[in-house]
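J.: Chains as they are written, first to last, in the numbering used here: chain W, 103 to 238; chain E, 12 to 140.
Worth flagging that the hints you see were computed from the coordinates, not collected in a lab.
All values reported here derive from a predicted model rather than from experimental measurement.
Heads up, a few of these hints could be off.
[What the hints assert, rightly or not] Which stretches of chain W does chain E cover? Using the computed rule of at least three CB atoms under 8 angstroms from a CB of chain E, they are:
no. : segment
1   : 134–146
2   : 182–196
3   : 211–222
4   : 232–238
Ideal placement from N, C-alpha and C gives every residue a C-beta, glycine not left out.
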Amino acid sequence: MSDSPTATGAAKTRPLSPHLSIYKPIPTMVMSILHRITGAALYFGTILVAWWLIAAASGPQAYATVEWFFSSILGRLILFGYTWALMHHMLGGLKHLVQDTGSGLEKQFTTRMAKLHPVASTLLTILIWIVGYAVR
Amino acid sequence: MANQNDMRTPLSRVRGLGSAREGTEHFWRQRLTAIANIPLLGFFIFVVVKLNGAGHAELVAYLSQPWVAIIMLIVLGSGIYHMKLGMQVIIEDYVHGGSGKLLLIANTFFAIALATACGFAILKLGFGG
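Make the full structure from the sequences, and use the hints.
T.: Dropping the structure here:
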């Protein structure tokens, strides 16, 4: 081993692990970090699902409060963001499942997919909301 | 074959569980729940879209159908397990030392509390609210 960790100056010349603040943002990298961010957002968003279910199980009064919140402007904004995060994370997950098989890893292809990814998430989200408004 | 300096026993190498004693279990379960979540969350969106703006009575009537309650239990089970595994990786990547350990414990507690709360609510609704 030529570069032992104890060698003088070795630590300085070693490559840094990818820091978001150092690398120039490229589509694949932005989608990668968005996958993690949407995952974390969905993690906390699940509290809303629990609130909805617990309120429904508690009775009409508790449920009325949840309905009031989710039909407010802020509530709708949060739910819209939640839908987008879910769609984005699902499409990212599908990408990961395909890439786990070793396919779809060519440089140009991954970049094209990364550029299409947020467009597809947004279209799916809008579609779900159109259906949501259409059925009521 | 094996490196001369490899102190692992042949059995340990075959099991391939590594120092964490769980091998690829975390990776695999993350993928397994990911695959399950695609149709399950699809169903969840269907239910939420269908019941948006519905009153309490309609919601309870819908969720008290056994097949709906059963699928909803699996949705929340698979979803919360996937979410717990994902947050574990985020914590392991960014938070080191004692506070990381505390967050990992909090993550497990949170996931179990959330799963129990959702599970109980779905069961209560499933049995008629």
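J.: For every hint, state whether the structure bears it out.
T.: Structure-based check of each hint:
By the rule of at least three residues with a Cβ nearer than 8 angstroms to a Cβ of chain E, the coverage given for the segment 134–146 of chain W holds, with 5 such residues. With 5 residues bearing a CB less than 8 angstroms from a CB of chain E, the segment 182–196 of chain W meets the requirement of three and the coverage assertion stands. Counting residues of the segment 211–222 of chain W whose C-beta sits closer than 8 angstroms to any C-beta of chain E gives 0, which falls short of three, so the coverage hint is violated. Requiring three or more residues with a Cβ within less than 8 angstroms of a Cβ of chain E, the coverage given for the segment 232–238 of chain W holds, as 4 such residues are present.
Of the numbered hints listed earlier, the single one contradicted by the structure is hint 3.
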